[in-house]
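Following the hints, put chain B in place on chain A, whose structure we already have.
There are 2 protein chains.
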Amino acid sequence: MAGIHEELEPFFNPKSVAVIGATTRTGPGSFNVMENMIWFGYKGEIYPVNPRYDEVLGRKCYKDVRDIKADVDLALIAIPRHIVPSVVKACAEKGIKSVIVVSQGFAEVGGEGKKFQDEIVETAKRAEMRILGPNTLGTHNFFDNFTTSFIPIEKRDYEPIGVMCQTGLFFAGFPRLKYGKIVDVGGICDVDHVDIIRYYAEDPKIKQIFVHLEGLRPGRGKAFLEAIKGAKARGKDVIVMKAGETKAGREAVMSHTGSLAVEDKVFEGVLRQAEAQRVRDYTELQAVSHALLKLPRMKGDKIAMLTHHGAAGVMAIDILEEFGLRLAELSDEAKKAVQELSPPWLPIGNPVDIWPGLMGGPERMHRTALKAVLDDKNVDGVLLSIHIADYSAWPVGAYGHAEAIKELAPQYDKPVIVVPVGDRQEGTRRYLENVKNVAVLDNLREAARAFLALLPSA
Amino acid sequence: MAGIHEELEPFFNPKSVAVIGATTRTGPGSFNVMENMIWFGYKGEIYPVNPRYDEVLGRKCYKDVRDIKADVDLALIAIPRHIVPSVVKACAEKGIKSVIVVSQGFAEVGGEGKKFQDEIVETAKRAEMRILGPNTLGTHNFFDNFTTSFIPIEKRDYEPIGVMCQTGLFFAGFPRLKYGKIVDVGGICDVDHVDIIRYYAEDPKIKQIFVHLEGLRPGRGKAFLEAIKGAKARGKDVIVMKAGETKAGREAVMSHTGSLAVEDKVFEGVLRQAEAQRVRDYTELQAVSHALLKLPRMKGDKIAMLTHHGAAGVMAIDILEEFGLRLAELSDEAKKAVQELSPPWLPIGNPVDIWPGLMGGPERMHRTALKAVLDDKNVDGVLLSIHIADYSAWPVGAYGHAEAIKELAPQYDKPVIVVPVGDRQEGTRRYLENVKNVAVLDNLREAARAFLALLPSA
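Protein chains in written order, with my numbering: chain A, 1 to 458; chain B, 1 to 458.
Hint data in this document are derived by calculation from the structure and do not stem from the laboratory. Hints may be right or wrong, so weigh each one.
Remember, identical chains collapse to one label, so a pair may be satisfied in a single copy or spanning two.
In the DSBU-like style, the derived pairs of lysine-lysine whose C-alpha atoms are separated by at most 35 Å in a straight line are [claimed, not checked]:
no., residue 1, residue 2
1, 97, 125
2, 247, 265
3, 302, 89
4, 247, 335
5, 205, 125
6, 377, 299
7, 229, 377
8, 406, 205
9, 222, 155
10, 97, 207
11, 114, 335
12, 247, 414
13, 178, 436
14, 114, 302
15, 178, 406
16, 155, 436
17, 302, 265
18, 155, 406
Extracted from the complex, chain A is given alone in its bound form:
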């Protein structure tokens, strides 16, 4: 397994790249990969290849990849499908070991497409060349400013997350999942999920691996399981989203990527063995990804909830039970601390209704209640469902909630998940987003899912 990172590195960060099918058309809507590559800041050599031009974007253009004198680390092929097989052969003759086939219309559409794909695979095997694709956007790499995407990707902040997908869908990222590297394995004629998981597992820049897949190639189930286990053994979190849960979905997978979708139950078992996190939609994906990246693991499954609203407490009880989590039995010390600031008639339980006690001074109550549950040995994680008004608005002022969280949460080793109440939540999010041990999520269900991901067994 050693060496897979080195072997696949040219796909993500090549020293030089030949763009076969380079075009002089530029600007929005031109989907010009070479233009994107330059704009995104790639520092290596780019060699455009297209018999129609002498020059593309100020660089000498080659008629044939074999005409390039210098070494070529990676070839990117975006030309009509019927000429792809001969161009892959040319790449093999040039000694290129890494090729991305962007073009579409191969095995996934059957017929001639299947024949073309077989030819490509045959060439690659003989030449010990690795092929990514066909039908792929290739890779995008924020760490090293490299892209092969013909859709321009914006420059932005990124996190130590490696994504692999069987689609270009995820290249634009998510509001709360800002990947650092991404690869579309496309039609998987060669490089597959297993290879990429191993690559990311060996990548020191990657802490979390997100796998989107529709199906695996026959016989790769065990290797897939082992690759995830290997990544986990290196301390990386693995999140998996598999499409094709239903029969109709599995049929659609066949026509989309030409790969055989795995029966969902079989797959579920594999993931459980590998202790990977399975997510079913974008919302769950973002909640789990964010929690794993930002929050400490729990030592047990016992949650304390602080709320301004008994009703939110009731909702949380339903949802925590549905997710198999437990409400902590609070220690006497914790109860006493809250009781002292609350009206004597108020029974102190969990969820902790901190509202009545708030009337005597909101900041003090927040600080006391939060400290009480963080100090409590019976509590593994803290959930807050509270109003945190927008700081810019009067008279909806700040009541010391967020300040208490910002001060206390980083001092403990427990996840603190905040579900803000109200129609203006951006201020809260911004105020707390970089606070250690704190995550702000949209609703109680997301919060419960995030806690699940932080269980000791997860």
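Below, chain B alone, put in the same frame as chain A:
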């Protein structure tokens, strides 16, 4: 049932209000309801009542509510629980017919609290007075600038949505549910969900009713069902969120509001009979509310999906099947229109993968494909999962997607739901949020839930 709107109107829009327990403490953290009332722009008379002061916020303060000479439409009581019963009696003597008891610690905590509540109810019955509460924030009304909330509520845009809840949780609203009127029925010693549903049903300003409840008073099940049916008969949509789904949840309901939680299965049956929309969390609530407010109803259950990504199509197939929706069998005309702009090897199905055809001109492809499915008689609703980049970013330019939607969707009578792909979605949302027949939702699951709410039988 006639007259319920008139009877309860003083709770939402009184001509005059006595604030019993008025305070001179002002500013953030003071929870001064009278200050909020003035700040929010209430134009009626306010009479502060508190034996400790001669003047509150520039108004003459009365020792006793009976000292007020003018008529008082509504009394708002926020004083320690043990003196509430005698003050309610004083209100009865003054001839006040509407009373809100904000104070906490009554039947929901048992013991003496139960005794106090019984006394209040007895007084109200004798005096033909209606009581809202105890343990309530009261009401907030954007249409008429009235509030009884001691938590300040920001001025903002609002929609023709009437909310009732058994909590103050929802008073701050939601990013995508900007209610116009809200009421917290609290501990329900008198005015209950049934009354409020009837009130909103007769309210010409209200088009959609959202009901949050934990439990109903014994014997009110049938009236609740009839009230919802009555509202629906008047063309209003009704959305219900019920807490206490699990056994633990039902026990918590008991201690929160002192009301008996209904067994979930029984309740589910009631809602189905009433054809109300049931939602289980904030996310689902907002998706359904937004869809019902903005989108036309469907004539059938057949969805056409346009996507840039085969993978999103596969995910959508799974999710639509899970929600019991159907993918439309596209007409030959629709298929032909898309096929003409796509590579000849691409099979045209539903979901419609418009990506390959996009390469020849994105704007034309979007316009053609969208028009094809909107024109198609086999299609009842349209789902788009597409990249719509932020309009401010280069080179991630606009490709004519949003423009096509903005131009075409308003010309048809079908719902168009857009699920944007990518990490910067705010631009898309703003660009499309006021377009007729269009809703922008966060993910495919929300979209499927929204379509369910638009079924002819829903």
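Going down the list of hints, with the structure as the test:
no.	hint	in the structure
1	97 with 125	within (11 Å within a copy, 88 Å between copies)
2	247 with 265	both (12 Å within a copy, 29 Å between copies)
3	302 with 89	neither (60 Å within a copy, 47 Å between copies)
4	247 with 335	between (51 Å within a copy, 24 Å between copies)
5	205 with 125	within (30 Å within a copy, 71 Å between copies)
6	377 with 299	within (10 Å within a copy, 57 Å between copies)
7	229 with 377	within (31 Å within a copy, 51 Å between copies)
8	406 with 205	within (28 Å within a copy, 42 Å between copies)
9	222 with 155	neither (37 Å within a copy, 59 Å between copies)
10	97 with 207	within (27 Å within a copy, 64 Å between copies)
11	114 with 335	between (68 Å within a copy, 24 Å between copies)
12	247 with 414	between (41 Å within a copy, 28 Å between copies)
13	178 with 436	both (18 Å within a copy, 32 Å between copies)
14	114 with 302	between (54 Å within a copy, 33 Å between copies)
15	178 with 406	both (23 Å within a copy, 29 Å between copies)
16	155 with 436	both (25 Å within a copy, 33 Å between copies)
17	302 with 265	both (29 Å within a copy, 28 Å between copies)
18	155 with 406	both (29 Å within a copy, 28 Å between copies)
Checked against the numbered hints given earlier, the structure breaks hints 3, 9 and satisfies all the rest.
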